[in-house]
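Q: Mind docking these for me? Both chains are given alone in their own frames, and the hints should help you get the complex.
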Amino acid sequence: MSITPDHGHDGHEPGDTAGSDVVLREGEDAVEKFPNPGFGPHRPRRADVDPAAAKRAERQVVALFALSVLGTIGFIVAYFTLPPGDTIASMRTSNLALGLGLAFALLGIGLAAVHWAKSLMNDHEKAEDRHAQRSTDQTRAEALQVLKDGAQDSGIGRRGVLKGALVSSLALFPLTIVLPLIGEVGEDWNVSKFKRTMWAKNKKLTIDPTGRPIKAADVTIGSVVHVIPEGLDESEAPLDEKAKAVVLLVRMDPRDIKSEQGEGWSYDGIVAYSKICTHVGCPVALYEQQTHHLLCPCHQSTFDVADSAKVVFGPAKRPLPQLPITVDDEGYLVAQSDFHEPIGPSFWERLR
Amino acid sequence: MKALAARRHDRRAPVVLLLLALLLTGALYAVLAPTSADAAPTAATADQVETGEKLFQANCATCHGPDATGREGIPSLVGVGAAAVDFQVGTGRMPMQMNGPQAPAKPAQFDEEQIAALAAYVASLGAGPAVPTAEQVDPALGDPASGMALFRTNCAMCHNAIGAGGALSEGKWAPNLWETTPTHVYEAMLTGPQSMPVFNDANLTSEEKRDIIAFLELQGNGAPGGITLGSLGPVSEGLWAWVVGMGLLIGAAVWIGARSS
Chain A
1 MSITPDHGHD
11 GHEPGDTAGS
21 DVVLREGEDA
31 VEKFPNPGFG
41 PHRPRRADVD
51 PAAAKRAERQ
61 VVALFALSVL
71 GTIGFIVAYF
81 TLPPGDTIAS
91 MRTSNLALGL
101 GLAFALLGIG
111 LAAVHWAKSL
121 MNDHEKAEDR
131 HAQRSTDQTR
141 AEALQVLKDG
151 AQDSGIGRRG
161 VLKGALVSSL
171 ALFPLTIVLP
181 LIGEVGEDWN
191 VSKFKRTMWA
201 KNKKLTIDPT
211 GRPIKAADVT
221 IGSVVHVIPE
231 GLDESEAPLD
241 EKAKAVVLLV
251 RMDPRDIKSE
261 QGEGWSYDGI
271 VAYSKICTHV
281 GCPVALYEQQ
291 THHLLCPCHQ
301 STFDVADSAK
311 VVFGPAKRPL
321 PQLPITVDDE
331 GYLVAQSDFH
341 EPIGPSFWER
351 LR
Chain S
353 MKALAARRHD
363 RRAPVVLLLL
373 ALLLTGALYA
383 VLAPTSADAA
393 PTAATADQVE
403 TGEKLFQANC
413 ATCHGPDATG
423 REGIPSLVGV
433 GAAAVDFQVG
443 TGRMPMQMNG
453 PQAPAKPAQF
463 DEEQIAALAA
473 YVASLGAGPA
483 VPTAEQVDPA
493 LGDPASGMAL
503 FRTNCAMCHN
513 AIGAGGALSE
523 GKWAPNLWET
533 TPTHVYEAML
543 TGPQSMPVFN
553 DANLTSEEKR
563 DIIAFLELQG
573 NGAPGGITLG
583 SLGPVSEGLW
593 AWVVGMGLLI
603 GAAVWIGARS
613 S
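Just so you know, the sequences run in chain order A and S. With the first letter of the first sequence counted as 1, position 199 gets the number 199 in the numbering used here; the numbers rise by one all the way through. Remember, the numbering used here sits 352 above the position in the second sequence when you count from 1.
Next up, chain S with everything else stripped away, as it sits in the complex (with noise of 0.2 Å):
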């Protein structure tokens, strides 16, 4: 401590203390970030059904209410089928934390089986696009240089070239799709949530939807050379080689220009 105490007016000190408070804040993160949880369809019971329709009383009727008819402003979930419900609480969309332009990813609330259950229940409100099988969305089996070609013509625009996100109006945004399980990119397809549009079996094929996975697959596994940087395109690489390019100029212009000691 004493030694501590000797150096602590050292001018490297608040560098230092800067370093360490980034090393612990990222390490925290790492350890504390959770990871999302993957959901398996699995066929409906009558029990599933039950304990679903439980879940549903006790968690979402606030808002769409005890018959799931959704009221101004809140959806209706009559019909919307096993995918949408997988989706919104497997991303941990739904519930929803508080009102905003759009409800974020965060943190499953409910574990597999609970999803498995409110899925259950919603899907015998009223026939809907059910939870794709793993054959479905299996990557390995599908085409990237398809996919690369329906992406960019159907989701590049809002998504991103390589599927990196972007931002919408008004506080919206279109969100990142390299962490988001296969299972979730397909159903969002089908299913359409919040500002996306539905993509339904005749608009992407079930094969197509396939091959975006495959896509997206590669896109999220890592960039084949430089500093990504985000992938957002000149915005962030712009911000860089302005602050950091023309830093590195002003600097050497000053050094140049400054009279040696």
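Pulled out of the complex, with its shape left as it was, chain A reads as follows (with noise of 0.2 Å):
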């Protein structure tokens, strides 16, 4: 059903009665029905009163799909004479051609699409009545009647057995989407491996990636040494243990050094700090060797490696753990223990 524009229709006019109710006041109850402003005047377009510029807009329109005809047959011959080929160039050339003929294809029928129902196509509006959704209520008893009827036919009240047969199957069944989906999660719910790394009495810091020890006198003030633990490629799991284990090696002055975590745990102003940051475990690795600030690139967490590694700027909770280090009989760097508390971000079962 459709309804013509109502050009009558003046309700914003101060005044007039159908403006007046929209207005609520106080005291007064809420609009029951507010009235149909219609359809506001319908003005022709170009095209409409124009013969002219309607040839004009089937032209566009026709050139829109001949550029999306010209598209495709352009990709199917870049398809074949650009193969993508060896080299990076080549490849480049041939997502290039493959694109752009794709992208024509594409656009070109969209863009004629709208552009012909902008311009051509009928540009009155419509308007559809909404139907009741309620069916009658003759209908509604048939169709309770027929559900009665096939649950009467089935038997289902009278054969228990049968019941419970169908009632466990469709309870089991999801058992078979469920049960893979929680045991494929992880076989490891080991947690307490978190709080233990490599690290051990007298095991040697090694440069990263080439694992060569590193001997105390060769780090002058100022460097920065990436370590890892020695006999890292040898363990179990190297990934595993190297994303825990990596600690950051830096030489300052000695005088520079305001705090360290423990007693001794540095060496001749050579500090080791673990680099997973205490916020959600980005490696830390930018160094700033004149302010000794250590930054995370991940949340710009900032940690004083000068003063215990403290927090001095960022969302990080607790500063870097250190590690304990000295150097053996051969003045190679090596590890006094274990970090002395869980590295990385905090954990449910972490102790502090």
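Please keep in mind that the hints were generated in silico from the structure rather than gathered at the bench. All clues given are correct.
Quick list of in silico lysine to aspartate or glutamate cross-link-like pairs, DMTMM-like style, CA-CA up to 20 Å:
#1 A:Lys-215 with S:Asp-553
#2 S:Lys-524 with A:Asp-304
#3 A:Lys-193 with A:Asp-233
#4 A:Lys-148 with A:Asp-137
#5 A:Lys-258 with A:Asp-307
#6 A:Lys-310 with S:Glu-522
#7 A:Lys-258 with S:Glu-424
A: Okay, here's the thing in structure tokens:
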């Protein structure tokens, strides 16, 4: 059903009865029903009144469709004549040609369709009235009766075992989906592993990634060394162990060190801190040697390496754990022990 | 002129003017932008040391002191070596233009000979790292694959995964490395200028430094595909995706909803 535009309506003028219906005064009840404002007056487009304009719009739509056809042909031609090949340049050319062909093919259709609809198709507004959703009482009663008859027919009320079998099969079926989902989340629920790393007494500090041991005398003031524990590659899961055990080694003038986390944990101005941020575990490694600040690239947590790696800025809550180090008989840097607290971000079984 | 005067109210005039202004700025920059000087290592002579001392007294002693021992907040140059001087003066960071969070690179103020003289003088004050030889910094002799692994571990956190540079704290930044000469890259690792830590030969051997230079050389030679947008990752890519991509989508929505004339 359609309604023709209601030209006589002027509900927005002051003093009009329809207009005053909308205003709610104190003590009055809410308006029961708004009057239908109808459609505004129809304004013809250029293509409606000028045949030349209509012809021009038609040509534009045809041109856009033609562009799409050309795009498709271009895509097919490019597919055969410009294979990706082996070099980066040929892959780039191939991708560019295919992409442009595809873009024109689809964009042409879309633009043509919208332009056609906007400039040439009928633009009179139309409305359709809503129908009542509720069926008649008779239809409802009939539908209910069909259901009742069906239940009666299946005998589900009388056949108790059948009912039980149906319910059990339906109730158990979801296990086939849920069980693998939960089972494959991870077979390893041993959280206490996060409390320990590979570091142990007399384990040598070595350079990441070459694995060369580090002589204390070779670390000059202002140096930064990215450190992994000796024998990392021979461990059972090198990447897992590396993710926990990476350490940043810094040497500064011993007079610059304001504090450290344990007595005698550094060696002659050489300090070693965990590289795993205590916020969400990014590798903290942007060291500024003049300020002794260590910046985390993810959320800009900043730690003062000269002052127990205390947080000076950013969302991290705790200082980076310090690795106690010393030197062995040959002058190589070794760990005194593992970290004295879990490294990285907080987790549910962390002690503090 | 008459034709110009008649057309100056044309609605395309501002766009044309803007384009012309942009072109002019670009052309002027291309003509005026200086090229960085390349310093070649040479053996120091007594003559050089003498010339260097004169240059030092005239240009550097104001801050670093007549005996180059520095003072509060200004580093002593005794023992920094020729490499530090060649880097700092060769990249124009020194003499420093003004106080700030960081001394920026700018056109070198001295020519190669003068820099070599200054370096010879500072090297004579105390033993320090020397300017690397041409062979030590030749990218053709390095292994870029090994350089990538080393760069990723030691440099990428500040200088970005492919050396495009990045921000540090409180107004400091790690510069882009694509235009830096191999010698200056080597010297920076060796001496640790400004915020940068030191990577001496025990940490990164001379060959490993050359591998890093070879890796950087490849990164500076253009992107393998697509628009790099400064290679700064999600920030610049996100900005363009939002501004251009969303702009286009909004434009299309407006066009679809607009009434045909």
